[in-house]
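Engineer: Take the given structure of chain A and dock chain B to it, following the hints.
For reference, the chains in residue letters:
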Amino acid sequence: MAILEVQNLRKSFGRIEVLKDIGFTLEKGEVLSIIGSSGSGKTTLLRCLNFLERPDGGAIRVAGETLFDADDPATQQERQVRKKRLRFGLVFQSFNLFPQYTALKNVMLACELLARERPDYRANKREINQQIESEAKALLHKVGLANRLNSYPYQLSGGQQQRVAIARALALSPDILCFDEPTSALDPELTGEVLRVIRELKTADRTMVIVTHEMEFARNVSDKVLFMADGVIEEMGPPEQIFEHPRSERTKAFFSHMTRE
Amino acid sequence: MQLFLQQFPIVVRSLNAGFVQTLKLFFVTLIGAMPLGLVISFGSMSRFKPLSVFTRVIVWIVRGSPLMIQLLIIFYFPGMVLGNPIWGGKEAGRFAAASVAFIINYACYFSEIYRGGIQSVPVGQDEAGMVLGMTKAQIFFRVKLLQVVKRIMPPMSNEIITLVKDTSLARIISLQEIIWAGQAFMKSSQGISGAIWPLFFTGVYYLAASGLLTLLFGWIERKLNFFRV
Numbered sequence: 001m002a003i004l005e006v007q008n009l010r011k012s013f014g015r016i017e018v019l020k021d022i023g024f025t026l027e028k029g030e031v032l033s034i035i036g037s038s039g040s041g042k043t044t045l046l047r048c049l050n051f052l053e054r055p056d057g058g059a060i061r062v063a064g065e066t067l068f069d070a071d072d073p074a075t076q077q078e079r080q081v082r083k084k085r086l087r088f089g090l091v092f093q094s095f096n097l098f099p100q101y102t103a104l105k106n107v108m109l110a111c112e113l114l115a116r117e118r119p120d121y122r123a124n125k126r127e128i129n130q131q132i133e134s135e136a137k138a139l140l141h142k143v144g145l146a147n148r149l150n151s152y153p154y155q156l157s158g159g160q161q162q163r164v165a166i167a168r169a170l171a172l173s174p175d176i177l178c179f180d181e182p183t184s185a186l187d188p189e190l191t192g193e194v195l196r197v198i199r200e201l202k203t204a205d206r207t208m209v210i211v212t213h214e215m216e217f218a219r220n221v222s223d224k225v226l227f228m229a230d231g232v233i234e235e236m237g238p239p240e241q242i243f244e245h246p247r248s249e250r251t252k253a254f255f256s257h258m259t260r261e
Numbered sequence: 001m002q003l004f005l006q007q008f009p010i011v012v013r014s015l016n017a018g019f020v021q022t023l024k025l026f027f028v029t030l031i032g033a034m035p036l037g038l039v040i041s042f043g044s045m046s047r048f049k050p051l052s053v054f055t056r057v058i059v060w061i062v063r064g065s066p067l068m069i070q071l072l073i074i075f076y077f078p079g080m081v082l083g084n085p086i087w088g089g090k091e092a093g094r095f096a097a098a099s100v101a102f103i104i105n106y107a108c109y110f111s112e113i114y115r116g117g118i119q120s121v122p123v124g125q126d127e128a129g130m131v132l133g134m135t136k137a138q139i140f141f142r143v144k145l146l147q148v149v150k151r152i153m154p155p156m157s158n159e160i161i162t163l164v165k166d167t168s169l170a171r172i173i174s175l176q177e178i179i180w181a182g183q184a185f186m187k188s189s190q191g192i193s194g195a196i197w198p199l200f201f202t203g204v205y206y207l208a209a210s211g212l213l214t215l216l217f218g219w220i221e222r223k224l225n226f227f228r229v
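Protein chains in written order, with the working numbering: chain A, 1 to 261; chain B, 1 to 229.
Isolated chain A, as found in the complex (with noise of 0.2 Å):
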């Protein structure tokens, strides 16, 4: 079964029809890259998936179980909206920390606030906590920043604030981790240790989306790659395919424009 299945999803802004019919599924384990110009709807498309914006039409499903559908109400509740975003993690642009928390804080600030809902929170308080301490620490570890923990996000560089927030979006085990366009926001020379973790964090049963503008790291890092261009999807299939031999005009037309730059 499908982890992720997207059917029909459909978003306007205002007269601006962002996503026309998106429709997508992929497998546990498996890594998606969304590729295509600036505009083409692929924020739009990973803001749905997390429940930052409300899709207009279509259905979105999580290992079987409908976490939206546009012509289902019960699922739009607004109270369900907390619980079904933990079933995604996203790994903003502009990386987003906490300013006023150190980075291991900042890794562990959600799940001692989840922590708090569990009904033995009361009885195993120091166990608990103790536990969300060394997973976050054991999670800078794995992005390079074992060294960092207790450095404030200003003190960090915009390659090390995106590997925290990496971490922060891991440490509550999403089913689905996205990315959008994490490296849009650093110097090239930062790019690459950001790539590298995420490389590095492909295993036989972690998703993720990737919305990227770095090709390269895309045909490499994917098993399925996805090009949109103005709100549909054009092409989509393996990256030898899409990088190789794109089938679609729009997506050798784009492709020529990136090497013509």
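Treat the hints as calculated values from the structure; they're not laboratory data. Since the model is a prediction, treat every value here as computed from it, not as a measurement. A few of these clues could be false.
[What the hints assert, rightly or not] Here are the simulated lysine-lysine pairs, DSBU-like style, with alpha carbons at most 30 Å apart:
#: 1; chain 1: A; residue 1: K83; chain 2: A; residue 2: K28
#: 2; chain 1: A; residue 1: K83; chain 2: A; residue 2: K224
#: 3; chain 1: B; residue 1: K223; chain 2: A; residue 2: K105
#: 4; chain 1: A; residue 1: K125; chain 2: B; residue 2: K144
#: 5; chain 1: B; residue 1: K223; chain 2: B; residue 2: K144
#: 6; chain 1: A; residue 1: K125; chain 2: A; residue 2: K84
#: 7; chain 1: A; residue 1: K142; chain 2: B; residue 2: K187
#: 8; chain 1: B; residue 1: K136; chain 2: A; residue 2: K125
#: 9; chain 1: B; residue 1: K223; chain 2: A; residue 2: K83
#: 10; chain 1: A; residue 1: K202; chain 2: A; residue 2: K252
[To be verified] Using C-beta positions, here's what the derived DEER-type ranges look like:
#: 11; chain 1: B; residue 1: G124; chain 2: A; residue 2: N150; range: 45 to 53 Å
#: 12; chain 1: B; residue 1: Q119; chain 2: A; residue 2: I16; range: 52 to 60 Å
#: 13; chain 1: A; residue 1: I16; chain 2: B; residue 2: R63; range: 37 to 45 Å
#: 14; chain 1: A; residue 1: M258; chain 2: B; residue 2: G124; range: 44 to 52 Å
#: 15; chain 1: A; residue 1: P73; chain 2: B; residue 2: P154; range: 43 to 51 Å
#: 16; chain 1: B; residue 1: V149; chain 2: A; residue 2: E78; range: 50 to 58 Å
A virtual CB, placed ideally from N, CA and C, is assigned to each residue, including glycine.
Structural biologist: Only chain B this time, still in chain A's reference frame:
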């Protein structure tokens, strides 16, 4: 010189008593206006149009007219227009009327500072909290509040230092604060008459108070320097 030395302790005792009343008005205003300002700022940011328009009109009226007129209206309107002198003629009544006027006036100023502070936190902070499964309250208190406090410290310290000096306006409804106490020696009080220096000397009290507040706010701003927004 000898006369001055004779007068000095008498005047200082009297000014001290007046300054106590000044400080009482100052603290009562702060305690009332800081939370009320937050309520008003939420009102003016409300997505319910009638409420936000109503709140903004009130804020405009209060900020757009002199505090002295507001004091006079609040103190005299019930008695002289409605025929119901709710404040009475005693010092406690004048203090209550002055407190109401000051709290409303400063709450409106504070509300605009809060609104600016809250709206200046990037929307990415809300979104980061949301995708991490936080509730609206958790996002406000755990993520945004300290950033707002840091941002509003400079304008708030400005307003609060202004408040120390604005309390002197309560003289207009004869509240016995420090200006009133100093002025009394111009006519005649406790065997001293025709003395203008006590009134001038009240300035020293205001300077001392605003100096202390400047130090306090400088200390708070340094405390909040551990992060940057």
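Engineer: Look at each hint and say if it fits the structure.
Structural biologist: Hints and how they fare:
no.: 1; hint: A:K83 - A:K28; in the structure: holds (20 Å)
no.: 2; hint: A:K83 - A:K224; in the structure: holds (28 Å)
no.: 3; hint: B:K223 - A:K105; in the structure: holds (19 Å)
no.: 4; hint: A:K125 - B:K144; in the structure: holds (25 Å)
no.: 5; hint: B:K223 - B:K144; in the structure: holds (17 Å)
no.: 6; hint: A:K125 - A:K84; in the structure: holds (25 Å)
no.: 7; hint: A:K142 - B:K187; in the structure: violated (80 Å)
no.: 8; hint: B:K136 - A:K125; in the structure: holds (23 Å)
no.: 9; hint: B:K223 - A:K83; in the structure: violated (36 Å)
no.: 10; hint: A:K202 - A:K252; in the structure: holds (28 Å)
no.: 11; hint: B:G124 - A:N150: 45 to 53 Å; in the structure: violated (23 Å)
no.: 12; hint: B:Q119 - A:I16: 52 to 60 Å; in the structure: violated (25 Å)
no.: 13; hint: A:I16 - B:R63: 37 to 45 Å; in the structure: holds (39 Å)
no.: 14; hint: A:M258 - B:G124: 44 to 52 Å; in the structure: violated (28 Å)
no.: 15; hint: A:P73 - B:P154: 43 to 51 Å; in the structure: holds (48 Å)
no.: 16; hint: B:V149 - A:E78: 50 to 58 Å; in the structure: violated (29 Å)
When the structure is compared with the earlier hints, violations turn up for hints 7, 9, 11, 12, 14 and 16 and for no others.
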